[in-house]
Amino acid sequence: MASLYKNAIKFLTALLAITALLLGFAYDAFPHTPAWQVLFYSLIAIAIFCTLAFVAIVIQMRLNQTIIKAGGIDPAWFWFKANPPGFANKSPTKKR
Numbered sequence: 007m008a009s010l011y012k013n014a015i016k017f018l019t020a021l022l023a024i025t026a027l028l029l030g031f032a033y034d035a036f037p038h039t040p041a042w043q044v045l046f047y048s049l050i051a052i053a054i055f056c057t058l059a060f061v062a063i064v065i066q067m068r069l070n071q072t073i074i075k076a077g078g079i080d081p082a083w084f085w086f087k088a089n090p091p092g093f094a095n096k097s098p099t100k101k102r
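Sequential numbering of the sequence shown, starting at 7, is according to my numbering.
Please keep in mind that the hints were generated in silico from the structure rather than gathered at the bench.
One or more of the hints may lead you astray.
Said to hold, decoys possible - Beta-carbon label-pair distances, calculated as ranges:
| hint | residue 1 | residue 2 | range |
| --- | --- | --- | --- |
| 1 | 65 | 17 | 19 to 27 Å |
| 2 | 36 | 81 | 40 to 48 Å |
| 3 | 86 | 30 | 41 to 49 Å |
| 4 | 83 | 33 | 44 to 52 Å |
| 5 | 39 | 59 | 21 to 29 Å |
| 6 | 23 | 90 | 42 to 50 Å |
| 7 | 77 | 17 | 36 to 44 Å |
| 8 | 33 | 62 | 24 to 32 Å |
| 9 | 27 | 63 | 19 to 27 Å |
| 10 | 78 | 45 | 39 to 47 Å |
| 11 | 8 | 76 | 38 to 46 Å |
| 12 | 62 | 92 | 28 to 36 Å |
Computed from a predicted model, the values in this text were never measured in an experiment.
Where a beta carbon is used, it is the ideal one built from N, C-alpha and C, also for glycine.
The whole structure should be built from the sequences, with the hints applied where relevant.
Okay, here's the thing in structure tokens:
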């Protein structure tokens, strides 16, 4: 459990450092914009990015699960025409 807290502290420290760097660059890029407005738009951009990343992860997980349920051996093999040579000899699964 101590490792979890240690990793969470590292993550939050890195997130804070990266946010500070990005805000510093944003202040230079938009010099006549108030600091609160730059922070607000930055937080909106981060929220949109995190939402899109979450949606992409969920879609990828659903696709992989569908492939496995449809009889695929591995989601990566979905893109190939057949199983690798010699796989049928080593596989304990039933042939269709």
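Cβ distance range 44 to 52 Å for residue 83 and residue 33, holds or violated: holds (49 Å)
CB-CB spacing for residue 63 and residue 27 relative to the 19 to 27 Å hint: holds (25 Å)
Per the hint of 39 to 47 Å, is the separation of the Cβ atoms of residue 78 and residue 45 within bounds? holds (46 Å)
Range agreement (Cβ of residue 76 with Cβ of residue 8, hint 38 to 46 Å): holds (42 Å)
Kindly confirm whether 42 to 50 Å is satisfied by the beta carbon distance between residue 23 and residue 90. Holds, since residue 23 and residue 90 (Cβ atoms, about 45 Å apart) stay within the stated range.
Taking 36 to 44 Å as the hint, is the beta-carbon distance of residue 77 and residue 17 inside that range? At roughly 39 Å between Cβ atoms, residue 17 and residue 77 fall inside 36 to 44 Å, so the hint holds.
Satisfaction of the hinted span 19 to 27 Å by the C-beta atoms belonging to residue 65 and residue 17: holds (24 Å)
Evaluate the given range 21 to 29 Å for the C-beta pair formed by residue 39 and residue 59. Distance hint for residue 39, residue 59 holds at roughly 26 Å.
Taking the Cβ atom of residue 86 and the Cβ atom of residue 30, is their distance within the range 41 to 49 Å? holds (47 Å)
Assuming the hint says 40 to 48 Å, is it satisfied by the Cβ distance from residue 36 to residue 81 or not? holds (43 Å)
Do the beta carbons of residue 33 and residue 62 sit within 24 to 32 Å of each other? holds (30 Å)
For the hint 28 to 36 Å, verify it against the beta carbon of residue 62 and that of residue 92. holds (35 Å)
Taken one by one, the earlier hints all hold for this structure without exception.
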